[in-house]
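One line per chain: the protein sequences are A and B, in this order. This note's numbering numbers the first residue of the first sequence as 1 and each following residue consecutively. This note's numbering numbers the first residue of the second sequence as 1 and each following residue consecutively.
Hints were generated in silico from the structure; no laboratory data involved. One should not assume that every hint holds.
[As the list claims (entries may be wrong)] Chain A stretches covered by chain B per the calculated footprint, using a threshold of three residues with CB under 8 angstroms from any CB of chain B:
| id | region |
| --- | --- |
| 1 | 83–92 |
| 2 | 129–143 |
| 3 | 166–179 |
| 4 | 292–306 |
All C-beta atoms in this analysis are idealised placements derived from N, C-alpha and C, irrespective of residue type, glycine included.
Protein chains: 2
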Amino acid sequence: MALNVKDLLSSGAALTDQALERLLPGPDTLPHSIHRAMRHSTFAGGKRLRPILCIEAARMVAGTLPEGVADLGAALEMLHTYSLIHDDLPALDNDDLRRGQPTCHVAFGEATAILAGDALQTLAFQTIASLPAAPATVVAVLREVAIAVGTGVGRVGDLETSLAPGMIGGQVMDIEGEGVKPTAAMVEAIHRAKTGALITVSIVAGGLYGSAQPSEDTIARLRTFGEKAGLAFQIVDDVLDMTQDSAQLGKTAGKDTAADKATWPAVYGIERSIQDAEQLIADAFDALTPFGEAAAPLKALAQYLTARKN
Amino acid sequence: MALNVKDLLSSGAALTDQALERLLPGPDTLPHSIHRAMRHSTFAGGKRLRPILCIEAARMVAGTLPEGVADLGAALEMLHTYSLIHDDLPALDNDDLRRGQPTCHVAFGEATAILAGDALQTLAFQTIASLPAAPATVVAVLREVAIAVGTGVGRVGDLETSLAPGMIGGQVMDIEGEGVKPTAAMVEAIHRAKTGALITVSIVAGGLYGSAQPSEDTIARLRTFGEKAGLAFQIVDDVLDMTQDSAQLGKTAGKDTAADKATWPAVYGIERSIQDAEQLIADAFDALTPFGEAAAPLKALAQYLTARKN
Chain A
1 MALNVKDLLS SGAALTDQAL ERLLPGPDTL PHSIHRAMRH STFAGGKRLR PILCIEAARM
61 VAGTLPEGVA DLGAALEMLH TYSLIHDDLP ALDNDDLRRG QPTCHVAFGE ATAILAGDAL
121 QTLAFQTIAS LPAAPATVVA VLREVAIAVG TGVGRVGDLE TSLAPGMIGG QVMDIEGEGV
181 KPTAAMVEAI HRAKTGALIT VSIVAGGLYG SAQPSEDTIA RLRTFGEKAG LAFQIVDDVL
241 DMTQDSAQLG KTAGKDTAAD KATWPAVYGI ERSIQDAEQL IADAFDALTP FGEAAAPLKA
301 LAQYLTARKN
Chain B
1 MALNVKDLLS SGAALTDQAL ERLLPGPDTL PHSIHRAMRH STFAGGKRLR PILCIEAARM
61 VAGTLPEGVA DLGAALEMLH TYSLIHDDLP ALDNDDLRRG QPTCHVAFGE ATAILAGDAL
121 QTLAFQTIAS LPAAPATVVA VLREVAIAVG TGVGRVGDLE TSLAPGMIGG QVMDIEGEGV
181 KPTAAMVEAI HRAKTGALIT VSIVAGGLYG SAQPSEDTIA RLRTFGEKAG LAFQIVDDVL
241 DMTQDSAQLG KTAGKDTAAD KATWPAVYGI ERSIQDAEQL IADAFDALTP FGEAAAPLKA
301 LAQYLTARKN
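Please model the entire structure based on the sequences and the hints provided.
Here it is, written out as structure tokens:
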């Protein structure tokens, strides 16, 4: 069948938005300020990339769209939004503009923004704990997600020997690395943690959710796909940040470079970065070979998102 | 049997501390700054009240100490600690001192403190998702806890008709209420949410964790005990804040009054507040009548904690 990636994107985003609309307390729910702040940032024009990847991973594994998968996607988007709200705070990146709109603390004040981020994290876990699936599946998904958005230690069963990358850990490394000349190892570690961990777990969680007894090989392949594709997306983001202006990006352009932040093109240059992103996508595709035609949507998404212009 | 409440407190605190020591990444785990910040605030001399209540509720219902209950208690303490770290931030209460020690942002900077709070919330949910219990029990506990530490809406099954109090919601109400002359209804709503919800869920979660098939009556009684005793603890806290100096309290005394914060003694006066706390404890005891002698530890704890001097 012919695959229209724009249809995949728009139908996945619509499913996610419906779930978010239902799951987030309404703007007139007391206390008002925090619910309005949570909605302000959640409905600020995000692409719903993580939910869409989750939904398509679940569809690939299950052969159909499992009941409640949009709620799982919505939970992942809440976690992404919470991380952006806190990352934009004056004490962190001090960003006034995000997706062309005032950031949460600019619109609602710093105290409310801190608490709105906190509440989005909580609501994400509440949402996962309320998914209509077998309790063992819910627990497995929740544990994977919690590890992925943490400081990056504590992969269950492997605590002593490996550090799983974690989203908060990536933010900390990013802060600790400011002003230091970025090395290749540092850039990769930050990317894998700060953005890669949540993208990867979106795909892994979709796979866990879509199958009653997921095989280790399936989960490992989804993890590899997520790690490779996630890194490619981030490299493309960094390249766009260096080559486009603020109006095209909807955020302050060149900010990462200005602050001497650790980015892929800062280490490798733009041309090599684009080549690396293409190689990572090829590797990501390889991981999905055993799924055959069922992998077409995930592959199409990965291809499209690394070829994007904003 | 004679019940020594100080033994209950010290053994419960020791169990909790051992679990926290094991569950929190070590101070030399990369990235250092956040793990040290998480430990700084977690091991700053807290009484471990919530874990101890959780442990004793589980023991009462199970007749023994269920495996892993100290980890559940540790997760509750992580949530309490995260809320304190964020509450102390300059944008919120702007407190420099907590339990006689510099607050997290004073010791580690604001960015790290924000992320350390975030990471403690995440680790709490990761810990609950890793408890050695039936998945259905884990999911039930996790959902209760998430609702209790959220904005206060979304009690599952009762969404349209009731607002369950939530910890973050209480913090928001507290901020929104500053400078407004406190009313009795406002004070009670804030107390039930800001501190009451987590205390109550500590007891309810202990009950859920301690029984394979908890009866609705058991959970309802534990909830009533928690709500009444939790409100009594908070009233005693407010009275101590007005009547003691900073050295006795280990934090800045009179701060709540100075900021015209909504507290029980500010509305009712000190004498009436003490009477109310005593009545609440009597009501809390009534809720546990069917448990007979097995309820003695929980009752002794409640009695002791409302009679405390700091």
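Each hint, compared with the structure:
no. : hint    : in the structure
1   : 83–92   : holds (count 4)
2   : 129–143 : holds (count 9)
3   : 166–179 : holds (count 7)
4   : 292–306 : violated (count 0)
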